[in-house]
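Student: Chains as they are written, first to last, in the working numbering: chain D, 1 to 250; chain H, 1 to 231; chain B, 1 to 231.
Heads up, a few of these hints could be off.
Unchecked claim - Computed cross-link-like contacts, DSS-like style, restricted to lysine-lysine with a CA-CA straight-line distance of at most 27 Å:
#1 B:LYS141 with H:LYS49
#2 D:LYS162 with B:LYS24
#3 D:LYS227 with D:LYS34
#4 B:LYS141 with D:LYS139
#5 B:LYS141 with D:LYS140
#6 D:LYS140 with D:LYS63
#7 D:LYS104 with B:LYS125
#8 D:LYS34 with D:LYS63
Said to hold, decoys possible - Some chain D residues flagged as far from chain B (calculated, every beta-carbon gap over 10 Å):
#9 MET89
#10 ASP218
#11 LYS245
Derived from the structure by calculation, the hints contain no laboratory data.
Given the structure is predicted, the values throughout are model-derived calculations rather than measurements.
Glycine included, every Cβ here is placed at the ideal spot set by N, Cα and C.
So the chains spell out like this:
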Amino acid sequence: MSDNKLKPLIKMIEVNKYFGEFQALKNINLDVHKGERIVVCGPSGSGKSTLIRCINRLEKHNKGTITIDGIELTDNVEDLDAVRREVGMVFQNFNLFPHMSIVKNLMIAQQLVRKTPKDEAREVAMHYLERVKIPEQAKKYPIQLSGGQQQRVAIARALCMKPNIILFDEPTSALDPEMINEVLDVMVDLAEEGMTMICVTHEMGFARSVADRVIFMDEGEIVEHAKPAEFFDNPKNERTKTFLKQILSH
Amino acid sequence: MEVLTGWWDDYLWGAVIVAKVFMASLSLMILFGLLGAGAKLSNNKLAQKIAGAYTVIFRGTPEILVILLLYFGSAIALTAIAKIFNPDVRFVDVPPFWAGTIAIALIVGSYATETFRGAFLAVKPGSIEAARALGMSTLQTFIYIRIPEMWRIALPPFGNNMLSLVKDTALISIIGLNETLFVAKQAITVTGKPFTMYIVVGLIYLGFSTLITLSVMGMEKYGNRTTVGAR
Amino acid sequence: MNFDLNLILESLPQMLAGFGITLKLLVVSGILGFILAVLLLLMRISGKFYLNWVAQVYIYVFRGTPILVQIFIVYYGLPQFEAVRESFLWPILREPTGCAILALTLNTGAYVSEILRGGVLGVDKGLLEAGSALGMSARQKFIYLTAPIATRLALPAYSNDVISLLKSTALASTITIADMTGIARTIVAETYAPYEIYTSLAIVYMIFTLGLQKLFGVIERYLGRYTRREE
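Turn these sequences into a full structure, and let the hints steer you where they fit.
Tutor: In structure tokens, the structure reads:
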């Protein structure tokens, strides 16, 4: 999949991140090419969320460089705006704006950030609501939807900004089991359309069938980095083996 | 600063009176608050109604009216009673200290009622059930589980109640209690420096507020020692 | 003692004549105090330590001293200075009403800014992260996310503060203002019937308080419409 002649869309070189004394990321090196689907897994506190939060600068890394489509992440505000327009994000707790209707949730950033006229923003919003199969909920408030529906709205909200990359931060962890599949289905659709995706998730079925590469992190380091078949059937590192045993033993 | 020479000891005595009113009204306020909360939480309809009326009345009436009513009202009542025994009595004076103390204790007590009631209801039923399941008696559960938990929850709003109380002592000067505002008034007639004299009063109250805030902070730290998570 | 109903019927209209002044004190200092509170809040969350520090000291001083002392400092204290008497503010500060509004504004501003800050701190951080991830600027996040949600969270505490402000307006009577309480005190001085006058006035204030609570209840229900699952 990764065409080495093309420049990577995301390039992380020797990235380090500290929270006070605690080192959350240790010398992370990672290239992601256009259209690639990466799954990041690992025990809690391993730095996997921090890794993707550094990519759209919700966290600032302390050392190393992160480049998104040729733009290096620094304190430069204009560069940051450009990067955030390019990178969408879906959160564990959906983070829909509770005081806005569903359709307004999808319109607000288009209007404010992209300066899209209201009517056009509404059209775009309805288009993506249909894609996640809940256009009939447009006028409701987030609290009136189920968790699975809310997460699909959150994905649609990210898509409205026409990003080139979408980051998923444990998108199914806060959901009741019966709602996980409706969200994963939307993610699989996106993957099939060629969206560049980085997913932090423990859904190993999704990783095996959709991912181009799987990354296992522990204590802030990338411990294992392989194609899914190799990762699941023939893991090299002891820590990966232990983790897989724990997570697949049920 | 020279204008203040000679007035320091008057202010000091004024501050002592503020402290005395505060201590006396604090104990009454706690009493009223506990009674009010107990009545509201009880199953007795009448007690609930009385406590409900108590909080509505004292939270909805200006403090100054309560103080005036209690001071002049009780004076008239006592005079009327005294006249029964001795028709020659013209007027019975009620000490402003006690009229004022009871008035502000009643006022802040109505807020403390909600503080205590809220804290009682905020104790998680889980820990109470757990204690009962472990075989602790109702009384043991109350003493070892509910009271410490309640205290921790009630402390921040209770600190605010105490601050209200100490600031309300200033209102008692209106009925002639010789506390710091009263001292300032006398000093102004002599020196003609109202700003200076009232600022001193403000500083004295700021001192009291700081003292209360710091002690509440200390108690909160102690009360929360079990809730600070592992790092 | 006997309760003189005729006296109440006679003096109630007189007292209600002061309702306009009470309302004016409440509304004008309520609005100005809210503006001051927003300014103080913006200073506190500006990220500039010196602005934050100034706001914190201001809030600390005005919450740590009695409102009555603040009223006296403004009304009796400020004219001590030549500069005040010659400033453009003198036309306002010469009038007791202007002084009362100024003192009430300064006081309520300090309290309300803390209430608003509580609302701002209560806004889920995740929502702001979602705003950032969508490319919204700090200003856009404040206007479209923080402000509306914080307003809803702060409203219950804010309505309590408006009621406190109403009760504080009664203190304007101590600087010769003829609000409802001021008129009542004059009547009591003439008739010496504190029970009748103060009790009936207390009921007027309570009705006013209940009205305010109803009004805020309606606003709360409107602002909270998105927090209910069922319509």
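Student: None of the hints should be skipped; say for each whether it holds.
Tutor: To see whether the hints hold, each was checked on the structure:
no., hint, in the structure
1, B:LYS141 with H:LYS49, "46 Å, violated"
2, D:LYS162 with B:LYS24, "53 Å, violated"
3, D:LYS227 with D:LYS34, "17 Å, holds"
4, B:LYS141 with D:LYS139, "22 Å, holds"
5, B:LYS141 with D:LYS140, "22 Å, holds"
6, D:LYS140 with D:LYS63, "44 Å, violated"
7, D:LYS104 with B:LYS125, "20 Å, holds"
8, D:LYS34 with D:LYS63, "25 Å, holds"
9, MET89, "4 Å, violated"
10, ASP218, "25 Å, holds"
11, LYS245, "33 Å, holds"
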